[in-house]
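Start from the sequences, fold in the hints, and give me the full structure.
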Amino acid sequence: MHSLCGAFGWTPAVHQQAKESVILPRKKAWSKEAVLETLASTLNRDSTAYPYQFQDDPYLSPRTATEFKLYSLAQDSGRSAARYFVNNHPKFFTKDFAEPHIPCLMPETVSLLLEEVSEEALKERITLRKVTAAVDMYDQLLQTGTAVSMETTHELLDLICLYCDRNPVQEGEAGAEEEKEGRRMTSRRGADVPRLSWTENNNAERIFYLLPERDTRCYSAVIRGMVKHGAYAKAFSVYSDMLNNRTPGDVHIFNALISAAPEVRDGYSERWDLISELLNHMKQQEIHPNLLTFNSVLKSLRQCGSLARSYSPQTLNEMKALGIAPSLASYDHILAVFYKSVSSGPSNSDVLQNLMTELEGQSFTCVDPDDVLFFSSAMKVCLDNKDLELGYRVQSLVEVGENWRLLGDSVQLSIYYGRFFNLLCMMEDVDVVLRWYKQMVPSLYYPNAQGMKHLLQALDTDGRLDLLPDIWTDMKTLGLYNRADLLEQLLGLMAGEEHSPELQEAFAVCALDVKSVFEEKAGLEWSASSLSHVTTLLLRASKAQQAWDMLKLFKAHNRIPSEALLNSFLSVCQRDGASERAVELVQLSAAFCLTSTSGLASRALAEFDLNQEQRLVLAGLEAAAGPPSD
Amino acid sequence: VSDVIQNLSFCKSTETHYAPKSGKENLLDLLGAMKVEVTNKRKLKSLKTKSESATNYAPKPSAIESTFSMFQKATAADTSSESGTLEPDLVAAASAAAATLPNSRQAESELLQQLRRRKDLTEAQKKGNDLGDIIADMKVGKKFSRQNSWPSNQIRFDEDGQGYTHDRGIASELASVRKRKKLFPSKRLNIFSPVTDKDTAESPTLWDIAFVNELSFSTNQMPRNVLEEMIQWTKEGKLWEYPINNESGLEEEVGISFTEHVFLEKHLEEGFPRQGPVRHFMELVVAGLSRNPYLTVQQKKEHISWFRDYFHQKAEVLNEADVCLS
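Line order of the protein sequences matches chains A and B.
According to our numbering, the first sequence is numbered sequentially starting from 1.
According to our numbering, the second sequence is numbered sequentially starting from 1.
Bear in mind the hints are in silico, worked out from the structure with no lab data behind them.
All figures in this text were calculated on a predicted structure; none of them were measured in a lab.
All residues carry an ideal CB built from backbone N, CA and C; glycine is no exception.
Keep in mind that the hints are not guaranteed to be accurate.
[Stated by the list, open to error] Under the rule of at most 20 Å between Cα atoms (straight-line distance), these lysine to aspartate or glutamate pairs were calculated in the EDC-like manner: (1) B/K235 with A/E37; (2) A/K380 with A/E360; (3) A/K27 with B/E241; (4) B/K187 with A/E358; (5) B/K187 with A/E37; (6) B/K235 with A/D273; (7) B/K235 with A/E33; (8) B/K238 with A/E108; (9) A/K32 with B/E251; (10) A/K91 with A/E108; (11) B/K238 with A/E428; (12) A/K438 with A/E428; (13) B/K187 with A/D273; (14) A/K28 with B/E241; (15) A/K32 with B/D208; (16) A/K123 with B/D208; (17) A/K32 with B/E202; (18) B/K235 with B/E251; (19) A/K32 with B/E229; (20) A/K32 with B/E241; (21) B/K238 with A/E99; (22) A/K386 with B/D208; (23) B/K238 with A/D273; (24) A/K123 with B/E236; (25) B/K235 with A/E402; (26) B/K238 with A/E37.
[Stated by the list, open to error] Covered stretches of chain B, going by a simulated chain A footprint (3 or more residues, C-beta under 8 Å): (27) 284-290; (28) 296-305.
Set out below in structure tokens:
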């Protein structure tokens, strides 16, 4: 063979290559969103744009936080209205244009089709979540003596216990989103199942006790329902019932009971004893705990006082030993335990430091509804400890992957960003603050009055008062002109010192703007300091006539101008040579019965070019107010 | 500097850890000998590697993070095991062997430790216990006192906060190195044991659906740009999948060759006459069907069989009209 190769001029290496077989790579199977996901990964967030769902009509871009909520609710209600029409009038939506067929755009069945008394009808009612109808159907089935299968009974019990024996609000699938938003405005948790209270002897209990044999799933449904809707003591009595009957439990029962433990015991150690007893029962029955078990333990530990500090880390370690990764909710509970009060010992932000080191760069998904509370609690800790570096670490964790989705709904979002911005304003240079401000506002965060106050303070500390007119325009856009204290702070900052003429001009324009805001908006009261600030600003910008109008406002709103103000007004008058006005000024001061009247009068007499009449008036005022100065 | 402090701290805590275990005098001597020696990085590294190799004997429970805790577990194994002292000639042999090495005291103590471990292991396995169970079942030590007087804790922050963060930058390095090992000691509740088998997944109940709903409501699922919106629509089935496949939705047709759509005369073999107006009509029907791209093969066959039944039913009418039906 080799000789042949030599004869044909092949080198051994080439021959070797010819002997190697060609390995075909395996065909890759891409998911159906792979192309789009790749494209989406090339896009970053545009910090100058409003959120994507509002990029339609510029008039409908939300400029304040209330507008944001209103418009997103409006969008959801539009969708649910469309859904309602499609589902309730299916006869108008029979033609199917789409190829391939799109099932989710077709009408769904929302009304009952089966009317006869049968298990099928019962199942239908359960699927359509019609609680009262299902209970009626079940009772009818029992009366006719038809046996209902165990599975259907389980589902029926689940349904009744989940909705606490009341019909859920039927507005179609997307309507739930609107309810969620609506409920968010009242209570923080957005579930489509509201927190009702468990009534005595309701249908769930009745059906439960009527059952000839009760197995794990029945007990599970009833106990979970009772805990969910507030009947904690009853849940525990059903549990002891279950133990007496030697029915095996399941993990959901224990999760519910552990979370209800602080409600049925009063002392810290009793609570912990109950929790550990439940955990031991779990172990005896060989039920494996899951993440939610440990999260309920941690959550209940929050109400166990000082015991929490010793047992929460142990719980975390237990989770890790069992190979269950803690979720953000577990860490949130840990933070709550270790940071109960602001001043809690020397090693303050160490827990969070270690935690952040551990969590660095990880991507999270939501596995527990309490996960969304983690970031705002973490930022609160950073804020309380004034730890900017830690705040940056938390923010970088938020920016990893899809973690920003775990910032929760708009309320949680504004809390988180409010705290972060507060921390920045307190601790960072104003340039960095402004950079973050441009990035976050208004695409991510609509500052409230408190946030604006922090920003103004930061500008004041670093002497960047030249940005105040721009901030004022932002404030107007954000709708923050309803707070008199905020406006007063703004005016105070502007009037604090003398600045360059252009800046004074800009400030004066702002001041006039603020004045118009005070006049237009009902419910805004002028305070003496705001009035004097505006007047000062106008004076400095040489707008004497408008300043004079301001003084009239003092009288209108029952406020007293200060001596300094009147003196500076007098100086401006002298500069302008407006002697008539000077006299009027002194008369005004007299009208207010100010003690400075005589001083003003003597000044006026001394500094101004007055005619005889004016001199007489002034002399009279000077004398009336007090003994003449000279 | 940090290494020194590290070493001191861990030795100090081993001391506090083992104070109550006064019964094991020999072990204490060994550990005491070890403690004196560690003064530089190399020795610490060797200690660490030794403790790692020692614990390789025993099956580790999952998720042990720092070598410190590993060492702690390993040494705790010694204390809880029931073996007695090592035989004196073993000890003598160990010291003789150690004498040949450059750092004899250190080497001797390490050798003795190793011997002790191996002895424990053999004894345990003789008794039939898994060393892993021993390690898993024991409670690993009590908590260390967290209130060591770290100099970094004495730094209080200034009013403006800026000064604090500066100092923090240096001290936090030290602090984090130390604190990580101390803050959450590895004590656990010890109620459950790790399980390897997974429970069978049940079909989702109403509770599961409600829970998943709650999760999706609490997070922010809104798309951030048009591409994310298109991804959501693709998942819901409202949008064609990229790269576009013209035949998506027509998967069943992929397996059926065109001959079955076009050459339909074979269906006319039976049930229809070979000649005459009926045949002519049916040939026209077949010609039309073969050009129809909208019906499936099954539908075409049904079409033709409908005609077959129809003509069979109307046999009398056709006979009266003298059409032969052979």
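Verification of the hints:
1. B/K235 with A/E37: The given pair, whose Cα atoms are some 12 Å apart, holds under the 20 Å limit.
2. A/K380 with A/E360: Holds. A/K380 to A/E360 sits at ~18 Å (cutoff 20 Å).
3. A/K27 with B/E241: holds (18 Å)
4. B/K187 with A/E358: This hinted pair holds, its Cα atoms lying about 18 Å apart.
5. B/K187 with A/E37: violated (43 Å)
6. B/K235 with A/D273: Roughly 47 Å between the alpha carbons, so the hint for B/K235 and A/D273 is violated.
7. B/K235 with A/E33: Since the Cα atoms of B/K235 and A/E33 sit roughly 8 Å apart, the hinted pair holds (cutoff 20 Å).
8. B/K238 with A/E108: holds (16 Å)
9. A/K32 with B/E251: Holds, at roughly 15 Å.
10. A/K91 with A/E108: This hinted pair holds, its Cα atoms lying about 12 Å apart.
11. B/K238 with A/E428: Violated, at about 48 Å.
12. A/K438 with A/E428: Since the Cα atoms of A/K438 and A/E428 sit roughly 15 Å apart, the hinted pair holds (cutoff 20 Å).
13. B/K187 with A/D273: Measuring from Cα to Cα gives roughly 18 Å; hence the hint holds.
14. A/K28 with B/E241: holds (16 Å)
15. A/K32 with B/D208: violated (26 Å)
16. A/K123 with B/D208: Holds: A/K123 and B/D208 sit about 18 Å apart, inside 20 Å.
17. A/K32 with B/E202: Not satisfied, since the Cα-Cα distance of roughly 27 Å exceeds 20 Å.
18. B/K235 with B/E251: Given that 20 Å is the threshold and the Cα spacing comes to 18 Å, the pair holds.
19. A/K32 with B/E229: holds (14 Å)
20. A/K32 with B/E241: holds (6 Å)
21. B/K238 with A/E99: Judged against 20 Å, a Cα distance of about 10 Å means the pair holds.
22. A/K386 with B/D208: Violated, at about 41 Å.
23. B/K238 with A/D273: violated (53 Å)
24. A/K123 with B/E236: violated (26 Å)
25. B/K235 with A/E402: At roughly 18 Å apart (the allowed maximum being 20 Å), A/E402 and B/K235 satisfy the hint.
26. B/K238 with A/E37: holds (16 Å)
27. 284-290: Coverage by chain A is violated here, the residue count being 0 at a Cβ distance below 8 Å.
28. 296-305: Violated, because only 0 residues of the segment 296-305 of chain B bring their Cβ atoms closer than 8 Å to Cβ atoms of chain A.
In summary, the numbered hints that this structure violates are 5, 6, 11, 15, 17, 22, 23, 24, 27 and 28.
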